[in-house]
Amino acid sequence: DTAVSQTPKYLVTQMGNDKSIKCEQNLGHDTMYWYKQDSKKFLKIMFSYNNKELIINETVPNRFSPKSPDKAHLNLHINSLELGDSAVYFCASSLRGNTDTQYFGPGTRLTVL
Amino acid sequence: DQQVKQNSPSLSVQEGRISILNCDYTNSMFDYFLWYKKYPAEGPTFLISISSIKDKNEDGRFTVFLNKSAKHLSLHIVPSQPGDSAVYFCAAGLSGSARQLTFGSGTQLTVLP
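Those protein sequences? They're chains A and B, same order as listed.
93 is the number that our numbering gives to position 93 of the first sequence; each next residue is one higher, with no gaps.
69 is the number that our numbering gives to position 69 of the second sequence; each next residue is one higher, with no gaps.
This is chain A alone, in the form it adopts within the complex (with noise of 0.2 Å):
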């Protein structure tokens, strides 16, 4: 009955490759977000998806690209990973946006070597 989950939690891979992380929540929620958790421990959105709209999308570099089928899935792919890639990922659903809690699935640890 996980709430908010993430697949893969690891995920190790060349410089160069294409890879994608998917997000998953059933908690009815409209509004999916990513996160990018730097080497500094700060949590940066990344984008934001409202019944599969979206509604942020911050300074991150186009190789990142967000897709949501529908409001209860938002993956992330990303394209010619490289080094400053490596990252904890998480993503998170709120039922509206705004003030509603976030809940976080449990992240997905990327190393590019």
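For the record, the hints were derived by calculation from the structure and aren't laboratory data.
Treat the hints loosely; a few may be bogus.
Stated by the list, open to error - Derived lysine-lysine pairs resembling BS3-like cross-links, with alpha carbons at most 25 Å apart:
| hint | chain 1 | residue 1 | chain 2 | residue 2 |
| --- | --- | --- | --- | --- |
| 1 | B | Lys5 | A | Lys36 |
| 2 | A | Lys52 | A | Lys67 |
| 3 | B | Lys71 | A | Lys41 |
| 4 | A | Lys40 | B | Lys71 |
| 5 | A | Lys71 | A | Lys44 |
| 6 | A | Lys71 | A | Lys36 |
| 7 | A | Lys22 | A | Lys36 |
| 8 | A | Lys36 | A | Lys52 |
| 9 | A | Lys67 | A | Lys22 |
| 10 | B | Lys5 | B | Lys71 |
| 11 | A | Lys41 | A | Lys22 |
| 12 | B | Lys5 | A | Lys41 |
| 13 | B | Lys5 | A | Lys44 |
| 14 | A | Lys71 | A | Lys19 |
| 15 | A | Lys9 | A | Lys19 |
| 16 | A | Lys9 | A | Lys44 |
| 17 | A | Lys9 | A | Lys67 |
| 18 | B | Lys68 | A | Lys44 |
| 19 | A | Lys71 | A | Lys41 |
| 20 | A | Lys44 | B | Lys71 |
| 21 | B | Lys5 | A | Lys40 |
| 22 | A | Lys19 | A | Lys52 |
| 23 | A | Lys22 | A | Lys52 |
| 24 | A | Lys71 | A | Lys40 |
Starting from the known structure of chain A, fit chain B onto it as the hints suggest.
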């Protein structure tokens, strides 16, 4: 340009005593604030929030205080328990905006038995 800062990366407290975690912000437009708790290899989980129209919100052992003039908030945990050992993230947001939260870098709390 970090708009939310947690200047203490770590804090150790004896079991049964009070834990005080601090957070400062620079954007005076923020009007709601949250604390999240994170255990290793898990995503952050929501702990407590406060709106800018209040200066205190209490939930069991957890109390959040907001000082708008100082742009400062704090989380008090009384009494502290070993299970409270985790990383605590402060986050701030703008209600009515594009559903975006800005996070601090976290404080590792260790409660010693």
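Here is how each hint holds up against the structure:
Between Lys5/B and Lys36/A the CA atoms are separated by roughly 17 Å; this keeps the pair inside 25 Å, and the hint holds. Under the criterion of a C-alpha separation no larger than 25 Å, the hint pairing Lys52/A with Lys67/A is consistent with the structure, at around 8 Å. Only pairs whose Cα atoms come within 25 Å are accepted, and Lys71/B paired with Lys41/A is accepted, the gap being roughly 22 Å. A hinted pair counts as satisfied when its Cα atoms are at most 25 Å apart, and Lys40/A with Lys71/B qualifies at roughly 22 Å.
Straight-line distance between C-alpha atoms of Lys71/A and Lys44/A comes to about 22 Å, which keeps the hinted pair within the 25 Å bound. For the given pair, Lys71/A sits about 21 Å from Lys36/A by alpha-carbon distance, which is consistent with the 25 Å threshold. Simply put, Lys22/A and Lys36/A have alpha-carbon atoms about 14 Å apart, close enough for the 25 Å limit, and the pair holds. Straight-line distance between C-alpha atoms of Lys36/A and Lys52/A comes to about 20 Å, which keeps the hinted pair within the 25 Å bound.
With a C-alpha separation of about 9 Å, the suggested pairing of Lys67/A with Lys22/A holds against the 25 Å cut-off. A distance of roughly 11 Å separates the Cα atoms of Lys5/B and Lys71/B; the hinted pair therefore holds under the 25 Å criterion. With a C-alpha separation of about 22 Å, the suggested pairing of Lys41/A with Lys22/A holds against the 25 Å cut-off. As the CA atoms of Lys5/B and Lys41/A are separated by approximately 12 Å, the hinted pair is consistent with the 25 Å bound.
Distance check on the hinted pair: Lys5/B and Lys44/A sit about 13 Å apart at the alpha-carbon level, within 25 Å; holds. Under the criterion of a C-alpha separation no larger than 25 Å, the hint pairing Lys71/A with Lys19/A is consistent with the structure, at around 21 Å. Distance check on the hinted pair: Lys9/A and Lys19/A sit about 13 Å apart at the alpha-carbon level, within 25 Å; holds. Our distance criterion of 25 Å between C-alpha atoms is met by Lys9/A and Lys44/A, whose separation comes to about 19 Å.
At roughly 19 Å between alpha-carbon atoms, Lys9/A and Lys67/A fall within 25 Å of each other, so this suggested pair holds. The hinted pair formed by Lys68/B and Lys44/A meets the criterion: a straight-line CA distance of about 23 Å does not exceed 25 Å. Between the alpha carbons of Lys71/A and Lys41/A the distance comes to roughly 28 Å, so the proposed pair goes past 25 Å and is violated. For the proposed pair Lys44/A and Lys71/B, the alpha carbon gap of about 21 Å is at most 25 Å, so the pair holds.
Between Lys5/B and Lys40/A the CA atoms are separated by roughly 12 Å; this keeps the pair inside 25 Å, and the hint holds. Straight-line distance between C-alpha atoms of Lys19/A and Lys52/A comes to about 21 Å, which keeps the hinted pair within the 25 Å bound. Under the criterion of a C-alpha separation no larger than 25 Å, the hint pairing Lys22/A with Lys52/A is consistent with the structure, at around 15 Å. Restraint check: the Cα-Cα separation between Lys71/A and Lys40/A comes to about 31 Å, which exceeds 25 Å; the hinted pair is violated.
Of the numbered hints stated above, those contradicted by the structure are hints 19, 24, listed in ascending order.
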